[in-house]
Amino acid sequence: MPSATAQDTGTPSARRAHWSVRLAEFLDAHAGRPPRDKTERLAWARAFHAELQETGLAAPGWPTEAGGMGLDLADQIAYHQQMTAVRAPKHPCGLSFIVAPTLIKHGTAEQKKRFLRPLLRADEFWCQGFSEPDAGSDLTSLTTRAERAGDEYIVNGQKLWTTMAHLADWMFALIRTGPAGPGGAGISYLLIPMKSRGITVRPLKDISGGTHFSEVYFDDVRVPVENLVGEEHGGWAIARTSLGHERATAFLSDEFRFRRVVNELHRLAKTSGAANDPLVRQDLARIEASVRVLASNSRRALDAVLQGRDPGPAASVNRLVRAEFDQRLHEVALRVLGPDAVLGQREPTAPEGGRWTYGYLMSRSSTIGAGTAEIQRNTIAERVLGLPSGRKQA
Amino acid sequence: MTADAETEKELRETLGGLLRRRCDIETVAALADGPESWDRDLWRELVAMGVPGLTVPEENGGEGAGFSLAVAAQEELGRRLAPVPMVSVVAARTALVAAGTDEAARLLGRVGSEGMTATLAVGRTTDGWTPAEGVLAVEGSAGWTLDGTVPVIADAPCAAVFLVAAETGVGPALFAVEPQDRCVMTPVDALDPTRPLGAVGLTACPARLVAGPDAFDDVLRSAERAALVLLAADAVGVAAEAMDLAVEYARTRQQFGRAIGSFQAVSHRCANMLVAVESARALVAAAAGALDELGPDTDTAVSLAAAEALETAVVVVQGCLQVHGGMGFTWEHPAHRYLRRAKAAEALVALPDRLRERAATGMLPAA
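These protein sequence lines map, in sequence, to chains Y and G.
If you use full-length UniProt numbering, the first sequence corresponds to residues 1 to 394, in order.
If you use full-length UniProt numbering, the second sequence corresponds to residues 1 to 367, in order.
If you're looking for bench data, these hints aren't it; they were derived computationally from the structure.
Fair warning: this is a prediction, and the values are worked out from it, not measured in the lab.
Beta carbons: idealized from backbone N, C-alpha and C, even for Gly.
One should not assume that every hint holds.
[What the hints assert, rightly or not] If the Cβ cut is set under 8 Å, some of the chain Y residues that face chain G in the computed set are:
1. R33
2. P34
3. K113
4. L268
5. K270
6. S272
7. A275
8. P278
9. Q282
10. S296
11. V321
12. R383
13. V384
14. L387
15. S389
[To be verified] Partial selection, computed: residues in chain Y whose CB lies under 10 Å from chain G:
16. V21
17. L139
18. S290
19. N297
20. R300
21. A381
22. E382
23. G386
24. P388
25. R391
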C-alpha cells in the first residue's frame, strides 16, 4: 500500500476506509461527463489514469513493489464498485493489463522499471502480437520469426487481429525463435517498439464498419535482445501465465459493468413496453440468472488467484459463460428494441444512440477473440473433465 | 478456507460417505422397484445426523445451521437419488416455524425429537402451491374437521403427518392431520419412484389448526420457497452425477478406434454440462444465502435458482442418456432413474418458465 502510514496499519476495514476515502475524493475531483469527441475522450481518459497513478490509486490488485495498491479481495471488489458507480473512465488500453502481469512475474528489474509506470499512467499503449493468418486457434503454429544477430533480434512475419495497433507504442509478441515442437517449443516473448523501422500497420475494417484492429507486417525489424521477457524459447509458458491472470482478474470489473448494462436493459424494456411481453420476460430472467452466475464465479476465481491457487474450473467456465452471455444480452436487447432494431447505429433516431445494434454486432466477437468458444469447450473437456483430446498429437 | 466452507466440506464428506455405503444405485433401484420405495433406515440415520433439522432454528429443536448448509446436504442426497422425504419434511418444518402457533410448536417438537415425517397437502398448479381444491374445514364443538381429497401429495406414503391447506369459509388455513380411517392415503404411481406420491381422502377427519387465514399466505410461501431451494439443490446433485456418468462413459467407450469423448460433438456436450452444473450450483448457493438472510431480493433469488437448476438437471440427464447411446435407453442402466428424478422435480412445485416469470416481476423496476 503506497501511502499507508504507520497509524493506519490497523484493521483491514481501517485500511479500506483510508484508500476508499482518498479514492472518493479523487473521483469527486476528476470523474465527470466524458467529452463527446472521440479524440478528446481518449485524452481525458489518459489524463485521468495518469493522475490516478500519481495519487497512488491505480492497480488495486498489483503488488505494492510493482506500483500497485496490494489490496485484498474484498478491497479490490469495493474499489471496482466505487469506480463503476461514478462511471470512471476505463483504462484506455485494456491490453496493457495482459502484458503487465507477465512483466511483474517474469520481467527483469530493468523491464519493470522501464514499462510498468507509463503503462499504468496510459502514457504508453500496448498491443498484443499473438494471432497470425495461419495461427488462430492453433496459436503454437505461429511462424513470425526472430533471428539472433549480435545483441539484436531481426523479426520477419505478420500478425493479425491486432487491437490498438495504430495507437500502440509497444507490442508484446509471441515470436518463433526455434523449431516448433510440443508445448509451444521455440516461441519467445518479445517487446517490440511499434515505431521500429520495418513495421507496417494496416487497419482492418471490422463488422461494425469501424477499425478496431489491424494487420501488422514485420520486415527485418530490429529488436534489442534486452526486450526478451523470460527465457529465449520460453515464451509460450509466460503467455499462458498472462492469460491466466487476464481470466481471473478481468472478470471483476466486468462483473459490475455487466450488472449495469443489464439494469440499463431493464429500463429499456420498461420504456419500450417489451417488459410486458411474457416471452421477453423469460429472456430477461435468463439474462438475470447469467449475470448472477458471472458475479458468483468471478468472485470464486479471483478468490482462488489471491490465495495463490489456480482459478480452476470457475475461470474456464466463466470465460465461456461471459462470452455467450454478452451475445445473448445483445440478442435480447434487439428483441426489446422491437421494430427499432432495423435502425443502423448512425441513424439519429435510433434508441440510445444506436448502442444496442452496435453492441449486437460487436458482441459476435465475444465467442471468437482470445480463444473461440469451441476452444474454450475443448479446454473444459480436456483440462477440467479429463476427456481425451481430439487433436492430432504432435 | 473459511469456517463455513470447512463445515460444508465436512458435512459433504460425512454424508457422501454414508450414502456411498448405504445408498448405492443397486439399493435405490431395488427399493424403487419394490413395494415400499422409501428408505426408512437411511432416513433414521439422516435424522440421527441432524440433516432434516439443518434449517430449523435451535429454539425450534433444529440445528440452526441455515439453508446454506442444507443445500450442500441436499445436493449429496440428489447425487445418490436418496429415496427419503427430505424436501417435504424441510418444507413442512419451515411452514411450522413460520406459523409460530402452539400447535406448530408441538408438531415441531415431535418432528425434531422423533424424526417424524411430515409433508404438505396442497393444491398444485404450474405456478406453485395453492390451497387444496375442494378441501373444506369446518369448526364444530369438538374442534376442526376436514372433508375432501388431495389427489397428489409428494412423499405422502412416507408421511406421518399431513399439513393440509384447506378452505375455512373465511379464507384458507393450514391444518395438521394424521393417517387414520378418516384420512386415507392411497399410493399414486409416480414418474419418479424415489419421491413417492400419494392421494389423501379426508372424511370428517379431525384436524388441528396450524396457521389461520391471516398467516396462511406467508406460511405457504415460506414452505414453498424452502421446497424450491432444496429441490433445486437436489437437482444440482442429480445433474452433477449424471455429468460424471456421461464423462466416464465418454472417456472409456471406444468407437471408430478411439474414445467417443475425443469427438467434439460429445466432448462439447460434456463441457456444456459442466457449465450448466457450475452455474446452477452458484445460483442455488446464492438463493440459500438469501433464505438465511431474508430481504427484498429473496424471492427473485429463489425463483431464478430453482428455474435454472431444475431445467439444468433435465438437460444434463438427457445429455447423459444421449452420450450413453442405446445403453442409456435400457432399464438396467441408471440413466432413466436420474431422468425420472429430474423431470418429475421440474413439475413438483412450479415449472421453470413460471418461476422465471416470478423472477421477472421481482427484478424489473416498477413502472
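Hint check results:
Taken as an interface hint, R33/Y does not check out: its beta carbon lies about 24 Å from the nearest beta carbon of chain G, beyond 8 Å. The restraint placing P34/Y at the interface with chain G is violated, with a minimum CB-CB distance near 25 Å, outside the 8 Å limit. Because the smallest distance between the Cβ of K113/Y and any Cβ of chain G comes to about 38 Å, over 8 Å, the interface hint for this residue is violated. The interface hint given for L268/Y is violated, since its Cβ lies 11 Å from the closest Cβ of chain G, which is over the 8 Å cut-off.
For the restraint placing K270/Y at the interface with chain G, the shortest Cβ-Cβ distance is roughly 6 Å, inside the 8 Å limit, so the hint holds. Checking S272/Y against chain G: minimum C-beta separation of about 12 Å lies over 8 Å; hint violated. Restraint check, A275/Y versus chain G: the minimum CB separation of about 5 Å is within 8 Å; hint holds. A hinted interface residue such as P278/Y counts as satisfied when its beta carbon comes closer than 8 Å to some beta carbon of chain G; here the least separation is about 7 Å, so the hint holds.
Satisfaction of the interface hint for Q282/Y is found here, the shortest Cβ-Cβ separation to chain G being roughly 5 Å, below the 8 Å cut-off. Annotation: interface hint on S296/Y holds; nearest CB of chain G at approximately 4 Å, less than 8 Å. Checking V321/Y against chain G by beta carbon gives a least distance of about 6 Å; that is within 8 Å, so the hint holds. Interface hint status for R383/Y: violated, as the beta-carbon distance to the closest one in chain G is roughly 10 Å, over 8 Å.
At a threshold of 8 Å, the smallest CB-CB gap from V384/Y to chain G is about 6 Å, leaving the interface hint in force. Contact between L387/Y and chain G, as hinted, is supported at the beta carbon level, the nearest pair being about 4 Å apart and thus within 8 Å. Hint on S389/Y holds. Least Cβ distance to chain G is approximately 6 Å, under the 8 Å limit. Nearest Cβ of chain G to the Cβ of V21/Y: about 28 Å, over the 10 Å cut. The hint is violated.
The interface hint given for L139/Y is violated, since its Cβ lies 18 Å from the closest Cβ of chain G, which is over the 10 Å cut-off. Hint on S290/Y holds. Least Cβ distance to chain G is approximately 8 Å, under the 10 Å limit. Taken as an interface hint, N297/Y checks out: its beta carbon lies about 6 Å from the nearest beta carbon of chain G, inside 10 Å. Nearest Cβ of chain G to the Cβ of R300/Y: about 8 Å, under the 10 Å cut. The hint holds.
Restraint check, A381/Y versus chain G: the minimum CB separation of about 4 Å is within 10 Å; hint holds. Hint on E382/Y holds. Least Cβ distance to chain G is approximately 8 Å, under the 10 Å limit. About 7 Å separates the beta-carbon of G386/Y from the nearest beta-carbon of chain G, less than 10 Å, and the hint is met. Against a cut-off of 10 Å between C-beta atoms, the interface hint on P388/Y holds, since the closest Cβ of chain G lies about 4 Å away.
Annotation: interface hint on R391/Y holds; nearest CB of chain G at approximately 9 Å, less than 10 Å.
Violation of the numbered hints given earlier is confined to hints 1, 2, 3, 4, 6, 12, 16 and 17; the remaining hints are satisfied by the structure.
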